[in-house]
Structure formats: structure tokens, C-alpha cells
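K.L.:
Sequence:
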Amino acid sequence: MVVKYNPQQIEPKWQQRWAQDQIYATREDNPRPKWYEMTMFPYTSGNLHIGHWYAMAPSDVHARFKRMQGYNVLHPMGFDAFGLPAENAAISHGIHPFIWTMQNIENMRRQLKSMGTIYDWNREVTTCLPEYYKWTQWFFLKLHEAGLAYRAKSAVNWCPRCQTVLANEQVVEGGFCERCGTPVIRKDLEQWFFRITSYAEELLDMSKIDWPERVKMMQRNWIGKSEGIEISFGIDYQNIAEKEIRVFTTRPDTIFGATFLVLAPEHPLVLSLTTPEHREEVEEYILRARRQTEIERLSTEREKSGVFIGAYVQNKLNGERVPLWIADYVLLTYGTGAVMGVPAHDERDFDFAKRFGLPIRLVIAPPGWSGDELSQAYVEPGIMANSGQFDGLPSNVGKEAIADFMENQGYGKRTTSYRLRDWLISRQRYWGAPIPMIYCDHCGIVPVPECDLPVFLPPDAEFKPSGESPLKYCPSFVNTTCPRCEAKAQRETDTMDTFMCSSWYFLRYTSPGYHQGPFDPEKLKYWLPVDQYTGGAEHAVMHLLYSRFFIKALRDMGIVDFDEPFIRLFNQGTIVVQRQKMSKSRGNVITPDEYVADLGADAVRAYLMFIGPWDQGGEWDDSGIIGISRWLNRVWNLVLRGQETTFPEHSADPGATKELPRFTHKTIKKTTSDMERFRFNTQLSALMEFTNYLTKVLEARAVDQSYWHEARDCLLLLLAPTAPHLAEELWIRTGHPYSIHQSSWPEWDEELTLEEQITLVVQIDGKVRDKVVVPASITEAEAQQLVLSRDRVKSFLKDKEVTKTIFAPKKLVNLVTK
RNA sequence: GCCGAGGUGGCGGAAUAGGUAGACGCGACGGACUUAAAAUCCGUUGAACCUCAAGUUCAUGCGGGUUCGAGCCCCGCCCUCGGCACCA
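Heads up: the first sequence begins at -15 in my numbering, then just goes up one per residue.
These are computed hints drawn from the structure, not numbers from a lab. It should be emphasised that the depicted structure is a prediction, and the values quoted were computed from it without experimental measurement. Keep in mind that a hint or two might mislead.
Said to hold, decoys possible - Straight line, CA to CA, 25 Å or less: simulated DSS-like cross-link-like pairs of lysine-lysine:
| hint | residue 1 | residue 2 |
| --- | --- | --- |
| 1 | 795 | 784 |
| 2 | 565 | 200 |
| 3 | 507 | 456 |
| 4 | 509 | 472 |
| 5 | 751 | 126 |
| 6 | 97 | 137 |
| 7 | 227 | 209 |
| 8 | 192 | 300 |
| 9 | 97 | 18 |
| 10 | 192 | 18 |
| 11 | 137 | 126 |
| 12 | 755 | 118 |
| 13 | 338 | 209 |
| 14 | 653 | 642 |
| 15 | 536 | 642 |
| 16 | 794 | 778 |
| 17 | 288 | 227 |
| 18 | 118 | 536 |
| 19 | 509 | 18 |
| 20 | 755 | 784 |
| 21 | 788 | 802 |
| 22 | 536 | 18 |
| 23 | 778 | 802 |
| 24 | 137 | -3 |
| 25 | 565 | 509 |
| 26 | 751 | 680 |
| 27 | 507 | 472 |
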């Protein structure tokens, strides 16, 4: 009898040993090629759940695989430690956010260590520590210097519950706060923005990154590029200085169908253009529009609303007078905040015109149009009509012709509009990196000098139940002196969006202890960009877009010399419980700890990889984990029983002696290619099949000792990334030198994987009727002859005539009859 | 509404230059071991017909099509998940 597999005993033992020997400490003076593989760092919520492990364990396996393949691998871990939950804990439980966060980190670090990962803890990064946020602030100053950070007043998304503004990206499902689900309202506030829109065009260029199509598409949609033209409509009122209103459109070919013009209610020209008899109605409408929540305003089900303001503008192409309306379906923040209403060829304008009885004039004829009135807007291309000299042109030709004409006449100019808005980074909260700016009555807005960084968070701030920003009411923080004139001045009390912290953490991992800058330039040069990034797709338009912007901005400032932060990206799917995402607030959190205590970390790691394709995620169901545990037990018993078994020096069974190396090399090949493609589930099936086969070999004892050793060693090496503890223990017990994790990934010999015999399938009229084992090299003629001589085949061909024979080499013969 | 991904046994899922559908695992059933149970090991397991065997037929969301041959390709639907959603 062999000793029992006992993960509870061997796992902590090896974890200690590896930590003590620092075998996962990463150095830059390693001659191997570098490989920087990261997974998104976790928010410090307190406990890692099975969803976190689903993200982290397979990425650790992949990093280990690259390591065994001969790369110098950096696979670091850190903590995204600023954010609202810490502050909410302070308000409701009276515990300081710093204490709350650091306690959580301690627990999470313990959990991460129990997973058996190769994280180099010397490189841990925690965003809420002054040594980190000092540099977050430094980057803010750099962006400010470069003109990419600015302060502006605008209508922003405000969450009344969180008492803070939100970025557009943080408003979900038609107007709710991403974090707490409260309906978001509009508020006019002075806020700090980053000019991400300056990079809109370059962010659309994804030629240098190897990312999932899905994420690239989400980013493209979010940036929302559209090419069109800004068209000037004339204003002729003596008491108004403005002489034009510009609208943005992608359909200049429809301009002859413009029967009205609509401004956003907040458009700056609205009040001056409103005639006295419409003033009251217009002012009321504007007020109502402003009071609406985002949900109401964004609802597409709602009937169109709007009011006529009494003024007219002139369509310069046909000289027509066009009435001017305001309506909340026009957004101030997109294009010019004004649109021409072409009801015949735009669904929204059609609804609007129907509602208010405005004329609908067809200018693009649908194919086969009989002259009937339209029952809905016709938005497809067609032949132009009612369009003066452009009549008869196909609309896509007319589009360019009209645009050219307008540019020549000075009526318009081609432009590009983006849906993307600048990134709002101010948060009216305590637990974030303070924005390093000072307000001086004499000098205006003054940046904190670099030498005064960091601007520390005051430990004595008071957390009010109302949820208002504690910094605002903390005199020791607010009151300061102007760095320029030394007069009394006030600090900015807003802190930065935590996405700012995560936009550069992958730079800090290279040199977390560095004091002269955010990173050691030499080390950065060695490691960056990140070769492989893994994480959830929920960050597609937030973290992943912000980080790309950040790196491009730093590149233009000369701080880094590459264009993209993450060369390859892989999105794992989401683990759900009763079809819902796992989260503390939903109370459906499954922790890995009990499973680890019960079956071992190796079993949990492997099970998460086995449940399905990694990018698919799925419902959490632990009923299959026992299968993984049994398999690891079988591996254990197999290897140790092999130690007690005497194999012949020269086996008498040539079949088995051939088959074992073939099976071994086929398994290496399959496992390697699956690893490369993150196909962990099929990789494990292959290892299980290999185990099952080796069990039979062991029972028969029909192979040479040396063949057995080679096969067994391969199994352990292939298993090492997935089940690092078990593999190490068995590696040592089979007499190998420590450590398996410093051994090389096995390579296969293509020659050895080739089958000598195959099963030839015999089909008659496409149906499988017979199977015959033949040499793999069989020719068509040989196969045909062999097949026709089979009794089974003969009986099926009775009374039939073969008209055609299909031969697929190494696969099948299909006899087609009349 | 638009864009993307996906619908395969009781369950998770395999299988794509179109070539044996259901690998691997769970569960279930039967057996061995055990005083018994657990654990472990061995066998069976898509459905229907057939007394057994041999065998036949049907089966990859639905309906058509292409092909010697379709889970895979084409056309038209249905459903699930993810994203966007008055962006002019």
C-alpha cells in the first residue's frame, strides 16, 4: 500500500518552501526572454470569492506554463484599494477606511497564497498607500502640464446615494449608478476632466493589439465615430449678433427635406432666439428637461416632446425659412447640440413631426416608390427627389455632391463626431487620491509642486452619515498656502476616480520600491508592454480604454516609448450563481476556502479550469469537483504504485512499447497547444485520458522501465502548472531534484505522434456500415479492394450498383450506389 | 430596435480545411471489497424498435437548401446571454 494523498499536508509545506527559497522572485538580469503576464488586480472588498479564483487560477497556470517554456516571467499581484465601499464601512461601522482596507488585504493575501500561485510578493502594489498615490498625483500633474487635465463646469451624472459624480462609463442600464443602482440625476458642477477625446481617433486604431473582437467592438461602439458635415443655417434678426446655427449631420443628401430645426434645450442660443410670446413656455420646458433623471430622458419608449421657440432659420440651399424648436431628444454634448429635422428620412424626426404636425417632405425615393405618403421614415439609400439640381442622383452620390457644394459655397464643412466624452475624474469622496491642486484668490488654480507630493489624506477626517465629502469639512486639509504667492489658499477637496489608479499600476509592478519616480525607467524598458493581460470583459470601456489613453498620453510626453499597454488580452467569462453575478451585496458569494480545506487548492484550481471553456464562464455548480479530486488521487496512486512496481528491462510486448511513447507525445502536443490557446478544459481531459492509459500500462507491466519513467515524468511536468503542489511532491518522491517548477516543459517529437494503424470507416450512401483497421498509409485502390471484399459490405451492396467511390485518406471510404 | 456570442445526452461539456456525433468528467444503474457504511476499483449508460443476440431507425433549437456526406456551409425563423440604445 502507498501513502494516502493528503493535500492539506503537502500544500502548506510546499508553499512555505517555495516562499522561503524565493523560487518565484523575478529578476531582470535573467538571460531568458521576458514574458509579462498579468491578471486584473482585485478590489479590496475583503474576501476573494470563487469568481476571483476563476480569473486568477487559470492565469497563474498559464504564467507557469510560459515559465516552464523558458521565459523570464513576471506575474505580479496587487490591490485596487481606493473606493467607496471602504468609506461606507467607515460611515456605517465607524472603522477607518485605511484600517478596513488593510485588514481586507491581509485576508486576501492569505487566500491568494493558499492558491499556490507564482506571484512575486516583493512586487506587490497597493494603490491606497502614499508611496503609490504620490505617483498617481504626479501623473495628474503631468497630464495637467500637457493640457490634458482641465476643469470645467458641466451637467454631470450625480448619484444622490453615493453623493458623488460618476463618469459616463459608470452610469449603467439607462441611468443607474453602476455601484449602488440609484437613479442618476444631472447636476451642474465644476469638475476635473481628462481630455481622452483628443485620442479618440488613435484609440480606434487597434492594429497593434491582439484582443478579442468583442472587446475591440465594444470600444469602437463606445468611441462612436461618425463622419459627416457641419451645416450652417442662417439667422437674420437685428437684435442678435449670431448669424448662423450649425448642425451636424451624416446625411447631407437629405437637406432638402429639412422642415424644421431642433436645438438641445440647454443650447446657448435658445434664450436669445426665443420670441416674447413663446418665452414662458420655453423656459418651463427647459426647467422640466433639467429636472428629469437620466432614465426618463433616455427612455426611447417615451413620446417625443418639444416646443417651438418662435424663431426661424434659413436653409441656405433652397432659401427656405425653417421653424426652430427645442426638444430633449437632442443632446447638447454631441455634435453641435443642434440637428436639422428631416422627418421623411430619420425615425426620430419622423416621430417628432407626426406629434407636432410638421410637414414631411420626401427627398430620397425608395425603389419602386409610387408617390404615396410614407408610413414611417425611409432611412435607406435611394434616388434623390425634390432636391433642386441634385434630383435624380443616387443618394450616396448626392451625399458627396452636396457636401462638396456646401464646402465650396462656405455653407458647411466636413467633420467627424465622436460619441466618446472626456473622462470625468473628480469624485466628491474621501477614499481616493487627492487631486493635487490649490485654489488661491490671487493666483487662481495652482498645481501642488512635485516636491510637495504626496498630498496626504488626513487621517482625522470625519465621516458624516450624510455621505458628504469628509475632506470638504476638514480644515487641516483644506487650509494651506499658495505655492506661488504664499497667501492663504484652499486645497481641492475632490479625489480622483479609482480608474486613475488602475491606469498605471502595471508600470509600478516593475519597480514598486522606486522612490525617484513612478517606476525605474530601466526596469520599465525591460518589462513593458504587458505581453498577456487577462480579466473580465466588464472593463472593456472603462479600465481598458482608460489605460490605453493613459499610455498614449505618457508616450506623447516622452515618459514611455510604447503605444499600447496590453499586447494580448484574454477575457475569461463570468461565474454566476442562479444566473446572477456573484457579489457581496447580492449575498450570493461562494468562497473557495472551504473547498481548499476539504479537497486542496490543486483540486479547486483544476476544477475551475475543467468546467468549460475559460471565456465562457457559467453557473457555479460544485457537483463535479469530486471528479477532479478523484483524478488527482488516481495520479497520486498511479505514480507511487509505479515506484513499487518492477518493470522489465526489455519488454516482451512490442505493441505496448510502441504505443506508450506515441500516447505520451500526443498528449504533450495536445496539452501544449491547448495551453497556448487557453483551452484548459480540453487540456485536462487529455491529461485524464493519459492517466487512464497509464493505469492500464501499470497493471500490465508490459513496457520497459525507461519508457515508464519517461511517460510518468511527462505526466508530472504537464500537470505542474495546474496542480503545482501535487506535482512537486510526486516529483520529489520519484527521486527528482527540487523543484519541478524550475524544470522545462516537455517537447514532443512529431514522428512519434503518428499512428501506424487507423480505423477506416466504410460508408454506403453516407451511412456508416462497417469499420476496418488498416495501415495508415493505405491507398485508395487498396482500400477500395479491401472494402469490397468484406462480407458486411457485400450484403449491403446486394442488388445495388456502386456508381462512385469517395476516399478520404486516413478517414473513410464512401460507396455511392444507384 | 441594432451589434456580437451561443443553443449538442439527466448535467458540465468534446468534436470544425465538411468525413465514426457525444471525448473527458459528474450523475444514475449493476458488480467487487466490507459485519455495515464511506472511500476505492470494475462494468453499463443518447432515444426508440427488438425476448436475447445480431441489427435497424431516429437524434446536435425549428423549417428549408447545397453536398457522396452537414453539429460545422447557405437562406428564413425561434430562444438564451453580453454590449449599445433618441449619438443626428
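K.L.:
If a hint holds in the structure, say so; if it does not, say that too.
P.N.:
Do the hints match the structure? See the list:
1. 795 / 784: Since the Cα atoms of residue 795 and residue 784 sit roughly 24 Å apart, the hinted pair holds (cutoff 25 Å).
2. 565 / 200: holds (23 Å)
3. 507 / 456: Violated, at about 39 Å.
4. 509 / 472: violated (43 Å)
5. 751 / 126: violated (71 Å)
6. 97 / 137: violated (47 Å)
7. 227 / 209: violated (29 Å)
8. 192 / 300: The given pair, whose Cα atoms are some 44 Å apart, is violated under the 25 Å limit.
9. 97 / 18: Satisfied, since the Cα-Cα distance of roughly 24 Å is no more than 25 Å.
10. 192 / 18: holds (19 Å)
11. 137 / 126: holds (22 Å)
12. 755 / 118: The hint is violated at about 72 Å.
13. 338 / 209: violated (30 Å)
14. 653 / 642: holds (17 Å)
15. 536 / 642: Distance of about 56 Å is beyond 25 Å: violated.
16. 794 / 778: holds (22 Å)
17. 288 / 227: It is violated: about 29 Å lies between the C-alpha atoms, which goes past 25 Å.
18. 118 / 536: Holds, because 21 Å separates the two Cα atoms, which is no more than 25 Å.
19. 509 / 18: holds (11 Å)
20. 755 / 784: holds (20 Å)
21. 788 / 802: Given pair residue 788, residue 802 holds - Cα atoms ~9 Å apart, limit 25 Å.
22. 536 / 18: Distance ~23 Å between residue 536 and residue 18 Cα, so the pair holds.
23. 778 / 802: Holds. Residue 778 to residue 802 sits at ~15 Å (cutoff 25 Å).
24. 137 / -3: Violated, at roughly 59 Å.
25. 565 / 509: Distance of about 38 Å is beyond 25 Å: violated.
26. 751 / 680: violated (34 Å)
27. 507 / 472: Violated - the C-alpha atoms of residue 472 and residue 507 are around 42 Å apart, more than 25 Å.
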